[in-house]
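Undergrad: Numbering of the sequence shown is given in our numbering, commencing with residue 2 and proceeding in unit increments.
These are computed hints drawn from the structure, not numbers from a lab. Here a beta-carbon is modelled for each residue, glycine too, at the ideal position from N, C-alpha and C. Be aware that one or more of the hints could be misleading.
So the derived label-pair ranges between C-beta atoms look like this [what the hints assert, rightly or not]:
| no. | residue 1 | residue 2 | range |
| --- | --- | --- | --- |
| 1 | A134 | G236 | 49 to 55 Å |
| 2 | L207 | A98 | 47 to 53 Å |
| 3 | D204 | D29 | 20 to 26 Å |
| 4 | L207 | D102 | 35 to 41 Å |
| 5 | A205 | P104 | 26 to 32 Å |
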Amino acid sequence: MSRDTREWAWEHSASRGTARLVLLSIADRIPDEQCVAWASLASLMRRTNASRNAVRGAITALAAIGELEVLDGLNGPQRSTVYRLPRAAAWLAKTAAARQDDPDAYIEPPAEDDPVPTLNVERLRRHGIWPRAGSDSDPPRQNLTGSDSAPPRQNLTPPRVGIRPPSGSEPDPQNRSEPKVNRKDSSSSAARLTSATDWQVDDASLSWAQQQGHLARLGEQGLQAADAKWRHHRGTWSPRPAATWAADWRSWIAREHSPTPQRPNLYALPGTPAPQAGMTKADLHMAALKAALDEPTGTE
Numbered sequence: 002m003s004r005d006t007r008e009w010a011w012e013h014s015a016s017r018g019t020a021r022l023v024l025l026s027i028a029d030r031i032p033d034e035q036c037v038a039w040a041s042l043a044s045l046m047r048r049t050n051a052s053r054n055a056v057r058g059a060i061t062a063l064a065a066i067g068e069l070e071v072l073d074g075l076n077g078p079q080r081s082t083v084y085r086l087p088r089a090a091a092w093l094a095k096t097a098a099a100r101q102d103d104p105d106a107y108i109e110p111p112a113e114d115d116p117v118p119t120l121n122v123e124r125l126r127r128h129g130i131w132p133r134a135g136s137d138s139d140p141p142r143q144n145l146t147g148s149d150s151a152p153p154r155q156n157l158t159p160p161r162v163g164i165r166p167p168s169g170s171e172p173d174p175q176n177r178s179e180p181k182v183n184r185k186d187s188s189s190s191a192a193r194l195t196s197a198t199d200w201q202v203d204d205a206s207l208s209w210a211q212q213q214g215h216l217a218r219l220g221e222q223g224l225q226a227a228d229a230k231w232r233h234h235r236g237t238w239s240p241r242p243a244a245t246w247a248a249d250w251r252s253w254i255a256r257e258h259s260p261t262p263q264r265p266n267l268y269a270l271p272g273t274p275a276p277q278a279g280m281t282k283a284d285l286h287m288a289a290l291k292a293a294l295d296e297p298t299g300t301e
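Produce the entire structure from the sequences given, and follow the hints as far as they go.
TA: Next up, the structure:
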């Protein structure tokens, strides 16, 4: 289910910068269609390579545009913060309802008035999320997440001047051998950014495409055509880490359909001819760009 939530975040979220990274980090933890997950502030700092204040500001910004909710009445393992992506939950519910009778039904884009499903708190217990303590009837909570324990929750407002966090709180990494977030000698701070056009498909992504059956389903030429279309649509995006492009590329390939007379390829570029044998990747890119100049895609 996290894949569908990540797809919503990539394709429909209005977030930008650090807020988008925080949203994707939480979306990656979503276990079901309710779009609820827990995350500690320290884990979000590590995953986004951002400071404490930057992550807090991102959470505030996401809440302001209605894409993130802080569920104050719930706690995750070790009293970690619980979040919900309400617009993603509304989108998944809308998609499920439309495809109940017709798996190939066209889905209208997300709208502000799409209803958000009612939260079923009981179902969250299986994921280690419980109502806040205060009831004697509540059974003891267990840490279901293994070694990734989360520190006590902190106030999302910026800390006051002169107040220092207690020793061993969230800014300290769980593994003492790891560098602290945003330290000058941290290798993660020097992560290289690249554009979608310059990014090369890595061996892990090719192996994934083969193991998941996408190479057999699309064929070598179909996979190259899908890659060319992905680069066309992502060509205007700002430079990002290679790992981010790899995740987005896999999501695109997973959604790509083999064109048939009964089921046209929804992600095809208008006017793009079928790839010919012997065409190089550069030829495919040039054909895609020429087609885009002749007729707008309408899918950006």
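Undergrad: Please go over all the hints and tell whether each is borne out by the structure.
TA: Evaluated hints:
{"no.": "1", "hint": "A134 - G236: 49 to 55 Å", "verdict": "51 Å, holds"}
{"no.": "2", "hint": "L207 - A98: 47 to 53 Å", "verdict": "36 Å, violated"}
{"no.": "3", "hint": "D204 - D29: 20 to 26 Å", "verdict": "22 Å, holds"}
{"no.": "4", "hint": "L207 - D102: 35 to 41 Å", "verdict": "37 Å, holds"}
{"no.": "5", "hint": "A205 - P104: 26 to 32 Å", "verdict": "30 Å, holds"}
The structure shown violates just one earlier hint, number 2.
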